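This is what each chain is made of:
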Amino acid sequence: MSAEPMSAGRATRTRIQLPYWLHGTVQTTLLLILTLVVLAPLLIMFVATFQDGNDVIRRGLSLKIDVDSLSLDNYVMLFTDSGPYFRWFANSIFLTVVQVAGTLLVSSFVAYGFAVYDFKGKTALFIAVLLLMAVPFEIMMLPLYVLVNDVGLADSYSVIVLPFLAAAVTIFYFRQYFLGIPKDLLEAGRMDGATEFGIFFKIVVPVAKPAFAAMAILNGMIIWNNFLWPLLVLRSESKFTLPIGLNTLLTPHENNYELLIIGSLFSLLPVLVLFLLFQRFFVAGMTAGALKG
Amino acid sequence: MAVLRRLLYSQKAAPYLFIAPFVITLLAFWLVPLARTFMLSTQEVVFGQAAFIGLDNYQRLWEDRLFWKAMFNSARYMVLTIALLIPIPLVLAAAINSKIGSERVKAVFKASMFVPALTSVVVAGVIFRLMFAESGTGLMNQIVGVFGLDPVRWLRIDTGGLIALLALAMWRWTGVNILYFLAGMQAIPEEYYEAATIDGAGKVQQFFHITLPNLKPTIVYVTTISIYGGLAMFLESFMLYRGNASPNDQGLTVIGYLYRRGIEQNDLGFASAVGVVLLVVIMTINLTFLTLSGTFKKESAR
Chain P
0 MSAEPMSAGR ATRTRIQLPY WLHGTVQTTL LLILTLVVLA PLLIMFVATF
50 QDGNDVIRRG LSLKIDVDSL SLDNYVMLFT DSGPYFRWFA NSIFLTVVQV
100 AGTLLVSSFV AYGFAVYDFK GKTALFIAVL LLMAVPFEIM MLPLYVLVND
150 VGLADSYSVI VLPFLAAAVT IFYFRQYFLG IPKDLLEAGR MDGATEFGIF
200 FKIVVPVAKP AFAAMAILNG MIIWNNFLWP LLVLRSESKF TLPIGLNTLL
250 TPHENNYELL IIGSLFSLLP VLVLFLLFQR FFVAGMTAGA LKG
Chain D
0 MAVLRRLLYS QKAAPYLFIA PFVITLLAFW LVPLARTFML STQEVVFGQA
50 AFIGLDNYQR LWEDRLFWKA MFNSARYMVL TIALLIPIPL VLAAAINSKI
100 GSERVKAVFK ASMFVPALTS VVVAGVIFRL MFAESGTGLM NQIVGVFGLD
150 PVRWLRIDTG GLIALLALAM WRWTGVNILY FLAGMQAIPE EYYEAATIDG
200 AGKVQQFFHI TLPNLKPTIV YVTTISIYGG LAMFLESFML YRGNASPNDQ
250 GLTVIGYLYR RGIEQNDLGF ASAVGVVLLV VIMTINLTFL TLSGTFKKES
300 AR
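Residue numbers (numbering that gives the first Met the number 0), protein chains in the order written: chain P, 0 to 292; chain D, 0 to 301.
Extracted from the complex, chain P is given alone in its bound form (with noise of 0.2 Å):
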């Protein structure tokens, strides 16, 4: 891009020209560098996992590196003495995967709903859909933090799925996908007997396949890096998620930095995975808030 203001107008056409091809290499030799400027913190907190642990936090990440001060010290411990770093992991995952199970199948059944139906109440309901997009959670975290305590359910996971199982931006986003699903291949299912539900999960989901990926992704990264309602929430560290145990290591009592350093990074390791096998479905689900058309 030249940097010309808008209000140059009809004079930017005297401009001296760079050659074509130059340009592109600005422009290339530019985004090259930014790369390497979003990668850095990453590529630093990667170096960082080498070194001592009550080091870096004294000095900070730097790009000063003693290299002789390198070792594999911090992986052995990882894997041999990081205490309940590998429980937290396995409760990341095991809550990943029901809660991305359970908000798939609660929230498309419920755009399934909006989208092939007509009944009663549904532009107010699906305005309420629309409403809940645009409220901050930590706006909602006070009020259902009250209702955790008042109903005496803290510390189970079943708090922390159940409230978010019918998820606004992901029922809008099924709802806009079944949106385009041609309705005589509902009608055809009506034909050959099936129920409305077995049309459902018969007819529909098998189409539906990629806004299923797409909305896995997206459910599941968020998941996996929830942190503030799992911090009101859970107490006992058995049932820490990563993020909640990464964060109790924060603190200079427990003296726990190699740990902290490691375990941060290494729980980036399943995302990042993912997003490079996935990346379209990451994209599509990203953006998946974005009104179409």
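Don't take every hint at face value.
[Claimed, not checked] Per the computed footprint, the stretches of chain P lying under chain D, defined by three or more beta-carbons under 8 Å from a beta-carbon of chain D, are: (1) 58–69; (2) 102–112; (3) 176–188; (4) 267–276.
Treat the hints as calculated values from the structure; they're not laboratory data.
Here the structure is a predicted model, which means the values were calculated and not measured.
Heads up, the beta-carbon is just placed ideally off N, CA and C, and yes, glycines get one too.
Add chain D to chain P, keeping to what the hints say.
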């Protein structure tokens, strides 16, 4: 059994069964808790005993210096993230969408920009806290040192903390916003640009007169989520300052204040009032913005 069979085949009953989970969620986890928040905000809650005190909490809020400081911090963060996280991703998306340069580099760039969005706020917070370390050996101080400046005690001073917060936001969200804008740009018909080229419009003119106007719905959407995301920011500050306390409360946001009063100090009435005010502010700004940008007009015309 016969009733169940009829129900399963009924097109009249089916929609209610399909949307039932949403209705239950709406009632149990949104409307009832929200109604309770409104109620709590008019009460003083001491040891579980609630007493109606009318608008006293709001009165206290209005006169509370810290609340206004938190409000100012959140508003400042929102405005600055919008000022940074819309123009910069727009230009980068335009670069990716242009026909010049190496396609492979663009693909690598696009994927790399997205990687930070995969990190949790905990991991990202730890990394940025360590990058903005006070010691002269910290990454940011090394960079500052290249320009011959003394090490900065980033998280101890207001501007330094703000820079760290904005850097963290930009690191995590630039790539996602690029994807939004790119999706919008790829939906613009190629003929528009061809016609403009024939009329003698340069690349820059095309960007301002074709790309920008056609991207308006995307820009409106990204701005809307940035407004509420910015005003509701909490965890970034929580991680960067390693908790909800920061020097001179420079990192305190509205949600941070709600968290402090409601969860750390158990003053539910006052914290609920904070929540109600923020909800009203966010809804007002968003509805005003959506009306001004003409989004509703277009919806009803459809």
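Point to revise | Coverage claim, chain D over the segment 267–276 of chain P, checked by counting residues with Cβ within 8 Å (three needed) | key: Our answer is that it holds, as 4 residues pass the Cβ test (under 8 Å) against chain D, meeting three.
**Study point:** Annotated coverage of the segment 176–188 of chain P by chain D, confirmed only when three residues or more have a Cβ within 8 Å
**Key:** Violated - the segment 176–188 of chain P has 0 residues with a Cβ nearer than 8 Å to chain D, which falls short of three.
Review point. Within the assertion that chain D covers the segment 102–112 of chain P, do at least three residues meet a Cβ-to-Cβ distance smaller than 8 Å?
Key: holds (count 5)
Review point. Given as covered by chain D, does the segment 58–69 of chain P meet the bar of three residues or more with CB within less than 8 Å?
Key: It holds, with 6 qualifying residues against the three required.
Checked against the numbered hints given earlier, the structure breaks only hint 3 and satisfies all the rest.
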